[in-house]
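Number of protein chains: 2
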Amino acid sequence: MFDIQDHRFGKTWLKALSAPLPETLASPSETARFELGAYFGPSETPSVQVIPEMGDSYRIERKDGLLCVSGGETGVLYGAYALLFASAAGSKLPEQTQTPYYPLRVLSCWDNMDGSVERGYSGRSIWFEGGHLCYEPGRICQLGRMLASAGINVLCLNNVNVHYPAQELMLGMLPELAAFAGLLRPFGVRLMLSADFSMPLRYGLDTADTLDEGVQRWWRDRAESVWKAIPDFAGFMVKADSEHRPGPNAYGRTHAEGANMLARAIAPFGGTLIWRAFVYDCMQDWRDTKTDRAKAAYELYKPLDGCFDENVVLQVKHGPFDFQVREPVSPLLLSMPGTRLALEVQLAQEYTGQQTDIYAMPPMWREVFDTVGKDRVKAFTAVSNLGRDANWTGHPFAALNLFAFGRFAWDPDTDPEQVTRLWARLTYSLETAQEDTLVKWLMRSRRIYEKYTSNLGLGWMVTPNSHYGPNPWGYEFQAWGTYNRADREKVGIDRTFSGTDYVGQYPEKMKNEYADLETCPDDLLLFFHRLGYGYGMRDGRSLIQRIYDDHFDGYREAEEMAEELLTLPLPPEDMAEVRDRMLRQLANAREWRDVTNTFFRRLSGAEDAQGRKIFA
Amino acid sequence: MFDIQDHRFGKTWLKALSAPLPETLASPSETARFELGAYFGPSETPSVQVIPEMGDSYRIERKDGLLCVSGGETGVLYGAYALLFASAAGSKLPEQTQTPYYPLRVLSCWDNMDGSVERGYSGRSIWFEGGHLCYEPGRICQLGRMLASAGINVLCLNNVNVHYPAQELMLGMLPELAAFAGLLRPFGVRLMLSADFSMPLRYGLDTADTLDEGVQRWWRDRAESVWKAIPDFAGFMVKADSEHRPGPNAYGRTHAEGANMLARAIAPFGGTLIWRAFVYDCMQDWRDTKTDRAKAAYELYKPLDGCFDENVVLQVKHGPFDFQVREPVSPLLLSMPGTRLALEVQLAQEYTGQQTDIYAMPPMWREVFDTVGKDRVKAFTAVSNLGRDANWTGHPFAALNLFAFGRFAWDPDTDPEQVTRLWARLTYSLETAQEDTLVKWLMRSRRIYEKYTSNLGLGWMVTPNSHYGPNPWGYEFQAWGTYNRADREKVGIDRTFSGTDYVGQYPEKMKNEYADLETCPDDLLLFFHRLGYGYGMRDGRSLIQRIYDDHFDGYREAEEMAEELLTLPLPPEDMAEVRDRMLRQLANAREWRDVTNTFFRRLSGAEDAQGRKIFA
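Just so you know, the protein sequences line up as chains A and B, in that order.
Under my numbering, the residues of the first sequence are numbered 1 to 616, in order.
Under my numbering, the residues of the second sequence are numbered 617 to 1232, in order.
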């Protein structure tokens, strides 16, 4: 029995799932029966009926007064959690058959085999250390339970930037990997690995060219041995020709050729090939005002629409840049009808507070799905925010983002406030007024963070490398294509027809909405337009005053948030973390407010209309 | 015999010293005899006469037609090198008795025991690796020869930021340290160690308080065992209460109390205690315009003048900040008549091109000594620019700075051009016109670097942490006290009576010179004054135009320098390094020029009067 109280296994995820997990669970349906039995007790345990062809789907019914969960082998597990959560939350049971909207619900972990986690803010890797798979089995089972209860069914284990010896995972380390896969199998979680496109070169071949038969054979051999060891292996994820990673371009091949070669190697085993579309020129000259990094992915991939094999999924970040606080949706998501797309979001709060600042993501995802249309993509994937910290996510509230990600992947029509409330209730069981307070601030947290960091769609005003803390020109004269080009008159990038014409990549209606100052949303104003500080916003304020106001307001609201949240009766260990991080958030928010306002005041020379202190 | 051609021992230092070194040299006088014999040949070898009481001094005479070097045990070695260099350079023999002006000529190495070198730009540590003393004995002997031939007599082996296990050097590692000392003894080079003020805490005491008898006894015991193992050990160097290093302030003691306690522990053995005066508030709030980091050292140490023991040397950086391209001299150097001061410079080109950009230091030192007065200080010390690179200094020309440092320490009246020419001749034996070309550009190199990086005394406009590359506001909103406070109207810090009154720390004449815009040197204008971009310089140009001009000129001159230097017939391995670094210097200089000019154009809105391209 893995005792949930054992600190080595990490802290309880949701209150309703606090029973110790047996070590002997062999299948998802067995897990389903265990979870229901543990929660409802022997006399009230709902029955479980496996109907294999239902797959991930489930149905909850009352038969002869007894609750019954029927579904596929994994479906009954999802049904069991749904039933259990509805009971714990006091909400209505789902009616009719429930089927996940996206069959692929992938958590991508940027874990390195040395135990570090790229952009990890909650401790070291849960499963890597010193170049080996190295973990506490009980903690991996708890992880499986967390993922399954959120609805996540694929775990990509290693960083998309594949650092040696992660290549070995699909070679000499396969037996260890298979053992690891076995721990997650009872939770319906399948493994995926990030593959290094240039791997054949490391293992004796003299090329990694897609069209080379030896290379093709090498990858088929890899696939064969991987699936032999792990029959339910999910597939590979590849970051190629991106930020100095190797890729097909080195051999004059297209990304479709590159992806398809790998896809064909794994197709016989039912594997999926996730190909990341995060490709741009990361050696741009800041002097070059014609090149617009935001345009890069569309220009590269749009011509390849229809060229990707059936089992390729092209994974596109939600915005054209890189998980900024605010970006418009990536035009690529709207432009690839002949390609299976995955929408990628980042739970790891790289640019959104690093699990120090509170930043609940459901409102952002609601906007993205509403703009893109859920049917335009075929999978929902996320960069993980998990780590070896006892509470898994560093900030206790960051667990919401993991839970909600799974819910959105299951049902992209999820209401952000409802899922936030469900998470809060399952985690803390507060009284109504307290729960309202927590939900209110979580829902507002993104906007607050945006206000005190970088409003109006500016983005990138952060400390280089760490990506935390205010640095308005930290990326201004760099090679990353990320500029605000502020001067004493104006700020922002003209991405309309008169500028870089990035807007031209959008469908007609959106193009016009963004290009027209009358209709462009304030939140994206300086993303699409270059404007003078005196520009009159629709609300009557000048642009510079809006910049000042947002930064003052953001800090003030963060103070209010801290004041109210710190009155909540959270468990002591959570409250200690929340308090500590909240105080750091406040100190950092003050820094962000003052540095940003001073920066713009030095440039614009404008005073604050309300006479508040802006430092020299 | 250590073969000088063996690459493990590093490249030849000066041509005249290319004979393989015997492994059996036992004393400086024996080394002197060997060097003279190897250079002049058996029949022409000058005689050597040791007169112990002459110490470091020497006298070269012609007796009965034969050259004779007489002097102390170390003096004859210095005399031998002087004779040898005069012969190789074709210059006149020194007349009369030569005595070094500063008895302490210290090279301070920021080498860590893991083999890294803090601010090292020429490879890893020559003597540390993996937590151990780990070296090629032949290379250490070559090092001894280099140091002796330059006139340097003390080598401080470990970083002033003492990272574990460097504390062990004076405990469990003493036998290894003694063996190392033995390799340098025949070259008259004595060892010094950086000590960690808090060491007693690590070794079982519950305090490191200066006034605690147990602590005093602990340090006396340390001294006793160190000098027992190495009787000619030179002493300790200490960085205390500085940049998060521990120090006496933690116990409410003054720096004099802290230094004297250590000094008394080592006094019985003739040891010197070098106490670094690099102390300031490194947690300053950028919003605070009253605090001026430049004032910190004077405010702390001036009241302690006269309180330091006889064997304490207070080591003061040449400027009030930290080895910037241009700083006024530290007022502390002019204010401590009752204290033995060391003037500290930095051969490691942390802020001066990192041994990629050419930056010859003799002109800077000439200015510093002329301003301070050589008699105000009692020792000359430098942070080392040496590393494990085959050529010792990364850039072959950076060897000039090591050589010239030794010459200035011997004779602070050294002429910068003469010493540069001597080094060039001893290193390359070029034809006169070529030598003139090399000397000309070396002499101009500092000014060129200053022009394209940060002119008019601005400083600090560099990438944080690495300290290389343009970043005008890289340190602007940080805690280090290093600001230019540029806005759309003005730039610079008012350090006159109307501002922070830093000028008040200078003697009357200098105070008035710096405070008065009529007399303040252009090179320090924005160090002392805050001025509008339209300010009219004495040469008729506006301030902003001077900023633009210097950056354009600096880059153009760097191009000219490259063009001429690359025609020189240097040895192939040197030329390969020079070419590679010169190309990087040019690329970096272009970046510096454009980023800095764009930065000021965005703020000032001013166009270039000559219509040259300043990017948006």
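Derived by calculation from the structure, the hints in this document are not laboratory data.
Mixed in with the good hints there might be a few duds.
Taking beta-carbon pairs under 8 Å as the criterion, some of the chain A residues facing chain B (in silico) [as the list claims (entries may be wrong)]: (1) Met283; (2) Lys290; (3) Pro470; (4) Trp473; (5) Arg485; (6) Ala486; (7) Arg488; (8) Arg556; (9) Leu568.
Simulated crosslink set (DSS-like; lysine-lysine; CA at most 25 Å straight-line) [what the hints assert, rightly or not]: (10) B:Lys1106 <-> A:Lys613; (11) A:Lys613 <-> B:Lys906; (12) A:Lys490 <-> B:Lys906.
Just so it is clear, CB atoms sit at the ideal spot from N, CA and C, and this is done for glycine as well.
Here is how each hint holds up against the structure:
At its closest, the beta carbon of Met283 of chain A sits 13 Å from a beta carbon of chain B; the interface hint therefore is violated under the 8 Å criterion. The beta carbon of Lys290 of chain A is not positioned within 8 Å of any beta carbon in chain B (closest approach about 12 Å), and the interface hint is therefore violated. A cut of 8 Å between beta carbons decides the hint on Pro470 of chain A: the least distance to chain B is about 7 Å, and the hint holds. Interface hint status for Trp473 of chain A: upheld, as the beta-carbon distance to the closest one in chain B is roughly 6 Å, under 8 Å.
With its C-beta approaching chain B no nearer than about 7 Å, Arg485 of chain A sits inside the 8 Å limit, and its interface hint holds. A distance limit of 8 Å between C-beta atoms decides the matter here; for Ala486 of chain A the minimum to chain B is near 7 Å, and the interface restraint holds. Look at Arg488 of chain A: its Cβ gets to within about 5 Å of chain B, closer than 8 Å, so that hint holds up. The beta carbon of Arg556 of chain A is not positioned within 8 Å of any beta carbon in chain B (closest approach about 18 Å), and the interface hint is therefore violated.
Checking Leu568 of chain A against chain B: minimum C-beta separation of about 32 Å lies over 8 Å; hint violated. A C-alpha spacing of about 20 Å is found between Lys1106 of chain B and Lys613 of chain A, which places the hinted pair at or below 25 Å, so the restraint holds. Between Lys613 of chain A and Lys906 of chain B the CA atoms are separated by roughly 17 Å; this keeps the pair inside 25 Å, and the hint holds. The suggested pairing of Lys490 of chain A with Lys906 of chain B is violated, with an alpha-carbon distance near 31 Å, which exceeds 25 Å.
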